[in-house]
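> So you can see what is in the structure, the chains are spelled out below.
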Amino acid sequence: MKNNIIIDLKNIFFYYNQFPVLEDINFSIRQNDFLAIIGPNGGGKTTLLKIILGLLKPDRGKVEVFGKDPREGRKLIGYLPQYAYFDLSFPVNVFDLVIMGRYNGLFKRYSREDRESVINALEIVGMSEYRKRHISMLSTGQLQRVLLARAIVRKPKLLLLDEPTAGLDSKMQKSVYELFQELSSMMAIVFVTHDIGAISVYVERIACLNRKLFYHGPKEGSLGKLEEAYKCPVEILAHGIPHRVLGRHRK
Amino acid sequence: MIEIFQYEFMRNAVIAAILVSITCGIVGTYVVIKKIVFISGGISHAAFGGIGLGYFLGVNPIITAIPFSILSAIAIGVISRKSKLSEDAAIGIIWAVGMASGILFINLTPGFAPDLFSYLFGNILTIPVSDLYIMLIMNIAIILIVVLFFREFYAASFDEEFSTITGIPNRFLYLLLLCMIALSVVILIRIVGIILVIALLTIPASICRQFTYDIKKIMISSVITGIILTIGGLWISYLLDIASGATIVLLLAVVFLTSYFIKNMVTAVKRLKDKKSI
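Line by line, the protein sequences give chains A and B. Taking my numbering, I'd label the letters of the first sequence as residues 398 to 648. Taking my numbering, I'd label the letters of the second sequence as residues 299 to 576.
Same shape as in the complex, but just chain B (with noise of 0.2 Å):
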């Protein structure tokens, strides 16, 4: 597995993997526990907008896909919120808005987009190192984030009335959650892709959470495993020369389903020796 080190684009997949799971760790953390897998969703998909925009306007796309999936964040938290509209209906809408107006840049944009394909299905071998000082500022803004108001994230995941009652500022709060989830989507964006972006940002907090019921036990854990899985499945790509983020995601599954059924026959096994010892 050394010798992949010797190539400097493999150097920067590996950094990008662990940055990448630091984010998907912590945040795909909430992303499970408030059941906002679809919100998250909908962020990742109306960010093809700001790609469209960025082809447009000749500048890196990463650039402009921050602005445009804080924005459709806000709007999809202030629309299911305000209005009358139901959350689902939001996400669905906005969802459909973003990849549509990416479309028309597209479109609009002369000549030939590159590597577009990237975007849509990632590709962790292309990153280039301005995007990893890019992901990372934003790793250090998330985990500021989260560790100034941890403890008004957890009460308002729980329980968002008792905790507005007891004086925590929820609007403000689940908007800046809304946004973290955007930040992440754009540093997932390079990794796996527009599509494949809900894959890590749900199931390393899913394998985890089975085994624990500490939400920061859950968080350190589902960072390390998404350092592995990332790296693993990069590895596995390399060998046999396949999708890199579809490899990830695929990977990140099989040792869901894998843990899912080792829990349960650990539950089993241990139900039976109860009932033995009874």
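Chain A with its partners taken away, still in its complex shape (with noise of 0.2 Å):
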């Protein structure tokens, strides 16, 4: 892999019924990075990690994760889905769940390696206490981190998480992110967001997506280019903390 790049997109088009959903994507994700992919809503932030995890093809384009097909590649990435799509009442408890992620294929079993990783995960996301119970006694910030444990639970060299903080508080939020940073020594760490508000101290680089991709670079510098994205006027202020963390816009 050249330059560290573990996924590399290039001239990515998706159409949903001939509506342009991605135009024209050039976008790379390296080791260690720790980027925040923002844009409105229906803006393709979705789109691009499906596309990314091989669950969507794309209509032209090429896609490589850690240098193979993403159908391939992408044993080595971690999802955290949008949280809004799960059945609660579904018959399974949180180290069950967690387990899941440590699939390895047909007709076998999970070994006690796999079982002490789902508890090693569940510690790291505080959750190991919870083990055996159902996920319907839990509430919206430790089911977001049991589904983390799950992303994580197969030691993957990138987490992709969409929407990782919708419906928290902002102090589970803060949280949360503090448990990214921890995570982001192990490995990459992309998030999406249409929640400006979202972008914390903590990540380091920027993309601004909405249909095209507006910008990707430091989180410095990006203003201009967010609001060319939104289509309007944004102010970026830091988590929780009652100042800028970007640069006051110029007028």
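Keep in mind that the hints were calculated from the coordinates and are not lab data. Glycine included, C-beta positions come from ideal geometry on N, C-alpha and C. Mixed in with the good hints there might be a few duds.
Cross-link-like lysine-lysine pairs, in silico, DSBU-like; alpha carbons within 30 Å at most [stated by the list, open to error]:
(1) B:Lys514 x A:Lys552
(2) B:Lys573 x A:Lys454
(3) A:Lys529 x B:Lys514
(4) B:Lys515 x A:Lys505
(5) A:Lys407 x B:Lys380
(6) A:Lys554 x A:Lys505
To list a few chain A residues with every Cβ distance to chain B over 10 Å, as calculated [to be verified]:
(7) Asn408
(8) Glu420
(9) Asp430
(10) Glu461
(11) Asn501
(12) His531
(13) Lys554
(14) Ala563
(15) Glu601
Reassemble the complex: the two chains are provided individually, in unrelated frames, and hints are given to aid placement.
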């Protein structure tokens, strides 16, 4: 892999019923990246993640995940999907949910090592006492941590997070971001959000996506491009801290 | 109750009730937790086409119902995933097409169609031994498939997308599950008939999932519940001399309602006690 590039997208186009969702996206993720993809609702953020994960095929363009086809390379990716879509009455407890992330092929069983990794991942997210609890008895924040444990349990090289702080209060959001910062020493982290306020002091780089990729680089200097992406004036404030993180936009 | 076992048709009926309950407990659990009740409804009604084909060709309708319902299961699965047609539209179309072709086949068959009613509404008392063997073989097939792919079905039922990423062959498993439902439908047609199949697939698992969050326990307790209630329904229908299929379904429904109220009462009482102790 050249220049530590782990994900490489070239000239990606994606259409949904002839309606362009992504247009000419050129985008790469490097080892140890800590990147936020921001943009409005319907801007193509989740679509982009799904293309990286090989769940959607772009209409044009080339995707490389760890130098391979996404369906091969995605085994090294941990994924946290958008929260809203789970059936909480499904008969599964915390431990059994997380061990699903260790799946390794047909006609096998979960090994002792798999079980130890689950305990380990639950300890990292601070949920190990809840391992026997059914998912309907967790709070939103707790469930989010459990899903994060499922994403990291196979020790991925890249963590993809779709709206990881949606539905969390600001205190919970802060603790989730601190958790990401802890994890960022072990793996590249890319998360998607439409919440501009979520770009905290922790993120190093930003990509602005609204059908096209408007900006991709360090978070400073992104503001003008962000307004272009959102088509309206944007103010970026740090998370729970009453001062600006990014330079003020000069008028 | 013992005296009913002196009749061979009653012994066969009891064996059929046990076989059918094993299927319903296992496959029904997936149907309920994966919320594919109406896909199963579509498959079971489409199976009527296979019954009609059996009459038309002059062979055992159960034999022709097997490929017919498997094909319609695959059709629903493929159409709903691949085309832009939504899943419920695909179900509706296959449902109606299957029934219509069944009616046409029977129409084209010269003479009167004997015991057609028993395929529509079931008649556990007329099951021949040969059908019991077919049911036994299909039961073994279903149990083998579930044992082999238990982890995969479980993960894919909870979160298809994530399980795809971890390498589970989702599309194949989904079609396999639909085929298992198709097999179960064929097993069930003899007992409760095409129109009432859905009750046996959904009610036992719905009763049991209220009381445990462990999928294996849901399956096992659904099997036991199914055995008790189908034999119970059979017994009641014998005593009162009424239709067996409908009696079994209504007994299941009564037990479901009762268990639902008991479950909610227990929960409410627990909450009250917790409040008092604080």
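> For the pair supplied as a hint, B:Lys514 and A:Lys552, is the alpha-carbon distance within the 30 Å limit?
With a Cα-Cα distance of about 29 Å, the restraint between B:Lys514 and A:Lys552 holds, given a limit of 30 Å.
> Say whether it holds or is violated: A:His531 keeps its Cβ farther than 10 Å from all Cβ of chain B.
4 Å, violated
> Given the proposed pairing of A:Lys529 with B:Lys514, does the C-alpha separation stay at or below 30 Å?
15 Å, holds
> Mind checking the alpha carbons of A:Lys554 and A:Lys505 for me, to see if they're no more than 30 Å apart?
Between A:Lys554 and A:Lys505 the Cα gap is close to 24 Å, so the pair holds against 30 Å.
> Regarding the assertion that A:Asn501 does not contact chain B, is the least Cβ-Cβ distance greater than 10 Å?
7 Å, violated
> Does A:Glu420 sit more than 10 Å from chain B, CB to CB?
Non-interface label stands for A:Glu420: nearest chain B Cβ at 22 Å, farther than 10 Å.
> Quick one: work out the minimum CB distance from A:Asp430 to chain B and report holds if it exceeds 10 Å, violated otherwise.
20 Å, holds
> May I ask you to check that A:Ala563 keeps its beta-carbon over 10 Å from the closest beta-carbon of chain B?
17 Å, holds
> Confirm or reject: A:Glu601 is not an interface residue toward chain B, with every Cβ-Cβ distance exceeding 10 Å.
25 Å, holds
> Evaluate the condition: distance from the CB of A:Lys554 to the nearest CB of chain B exceeds 10 Å.
14 Å, holds
> Given the hint that A:Lys407 pairs with B:Lys380, does the C-alpha gap stay at or below 30 Å?
27 Å, holds
> Take a quick look at A:Asn408 and tell me if its Cβ sits farther than 10 Å from every Cβ on chain B, holds or violated.
24 Å, holds
The structure shown violates the earlier hints numbered 2, 11 and 12.
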